[in-house]
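As they're listed, the protein sequences go chains D and F.
Quick note: the first sequence, position 37, residue 37 per my numbering, numbers continuous.
Quick note: the second sequence, position 281, residue 281 per my numbering, numbers continuous.
Calculated directly from the structure, the hints in this document are not laboratory data.
Certain hints may be false.
Now the in silico label distances, taken between C-beta atoms and shown as ranges [unchecked claim]:
#1 Ala-104(D) / Val-147(F): 44 to 52 Å
#2 Glu-106(D) / Leu-96(F): 31 to 39 Å
#3 Ala-60(D) / Leu-105(F): 27 to 35 Å
Here a beta-carbon is modelled for each residue, glycine too, at the ideal position from N, C-alpha and C.
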Amino acid sequence: MEDVHKSFGGVRAVSGVSLSLPRGRIYGLIGPNGSGKTTLFNCITGVERCDRGRILLDGAPIQHLKPYEIARRGVGRTFQMIRVFPELTALENLLVVTTGPRAAAEARARELLAFVKLEGLAGEYAGNLSYGQQKLVEFVRMLMRDPSLVLLDEPAAGVNRTLLNELLDAVRRLRDAGKTVLLVEHDMKVVMGLCEVVFVLDHGEKIAEGPPGTIQGDERVIEAYFGR
Amino acid sequence: MRSLALAVPALALVALALYPTIATGYGLRAVLQVFTWIALAGSWNLISGLTGYVSFGHVAFFGAGAYTGGILMASAGWSWPVAALLGGVAAGVLALGMGWTCLRLKGPYFAIAMLGLNEVLRALVSYFEGLTGGGNGLSMPTLDATVPIYYAMGVTALAVTLGARLIIGSRFGLRLMTIREDEVAAEAMGIPTFRHKLLAFLLSAIGPGIAGALTARDQGYIEPLSVFPLATTITMIVMALFGGKGTVWGPVIGAIVLFVAQEMVWARYPYIHPLLFGAIIVAVVLAMPRGILGLLQMKYRLPRTI
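Chain D on its own, in the form it takes in the complex (with noise of 0.2 Å):
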């Protein structure tokens, strides 16, 4: 992504941002409230239009496309607040990604809800899931289109230690698949501990880059965090 920028009304939600992301690694956007992470995330996903700037998927400009050209295109998402279809069951929350013949898509999608120990809630309508469990729904159902970019918001918010280190488990294994990892995540341990590469936005610049070891002793970072 080269360049990028987006305000809204007088506000500059991400300004001159440029972040590279080389296949197969998993990568962290951290930032201090409104630094602009989730405006970024919208960006790529065509949620929101970018006003300046270029968005190169696999080489090829992406930044003009409608979120579902870009869906198909290999990026799959999670949200900050979940957002699966409620009034369907678990099972048709992943079905609906698919065409072709239904019994493969729901051998498929019965595979990933397993996956994460699902499978018996398979026919549950997704409301009545636990917070935990939607989350889980929501990933999975992700995962249905075979996503080559995952960008995850916040995966680790709300979630006991137990169905965290599964899915922090499911992220890795994601990566060893050659898939390429973007998250925004607060709660540090997560990022340090899994990420290979963090960015750091302050007030939507981009102020550091590296592996997490350098960005915790970056004067910059303290600052953006703590003030001076």
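Chain D is already provided as a structure; the job is to place chain F on it using the hints.
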């Protein structure tokens, strides 16, 4: 259970097919009206019950079909079955044009735009007197076709219901529901929501278009006020909500129950029947916002395609 679920509609179908041989004039007209309401409420359900885009001007498609069919029959002398099909086509074309612009609007704005469409059509029909007869209305050549119209309307209602069954049982139907549930998430999952809405809207307009043309033939006379009434839109919405929006049989049950209730209330309390009917509607919506089938579906885990 499964054979029962097949046997009941099959028996009802046979009974309805044989009914004209023994029916009184009133009985035949009453069932014909129920067919019309099933076609209307079932069609409204396809766009509004499934995608959540509430169409507050769905009678516009009924009126467009009535005038298209009416003009073809009265001025061009076409036979009514062909005119009825073209009424459906005209309503579909109108839906594509209207949907292309208005389905980009969200929630209440779409509802209001549809309300506006109906008023615009009524005004246009009144204005182009040469073609439509304007406020004087349009008369078709006299012809008693109640029995054939009864069958044609019955087939229309059946087609709408079977269409709903096919759609709701398919992934296309589920995708329409994701638009109702969370349109942003649906897009992010790779679902082209606009295309889905447009197709659902097109499908939801054809039934009312055909029903409008058949009604024009049946009544032999149409005028702007009689084919574009807001009350018709409201009635079809209430029927679909009462029976269960987003279900296959909900609009059918809603149309039958509310039509019968309306007739009974009207016969007994001719002066205050709108008031009583209104009170019933409010009570039902407050007590069962999902409607009869929606409630049963959630409570007893019934399949999606009831």
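Hints versus structure:
1. Range check, Ala-104(D) to Val-147(F): about 49 Å between beta-carbon atoms, so the 44 to 52 Å window is met.
2. Taken as a hint, the range 31 to 39 Å holds for the pair Glu-106(D) and Leu-96(F), whose Cβ atoms sit roughly 33 Å apart.
3. Separated by about 31 Å at the C-beta atoms, Ala-60(D) and Leu-105(F) satisfy the suggested range of 27 to 35 Å.
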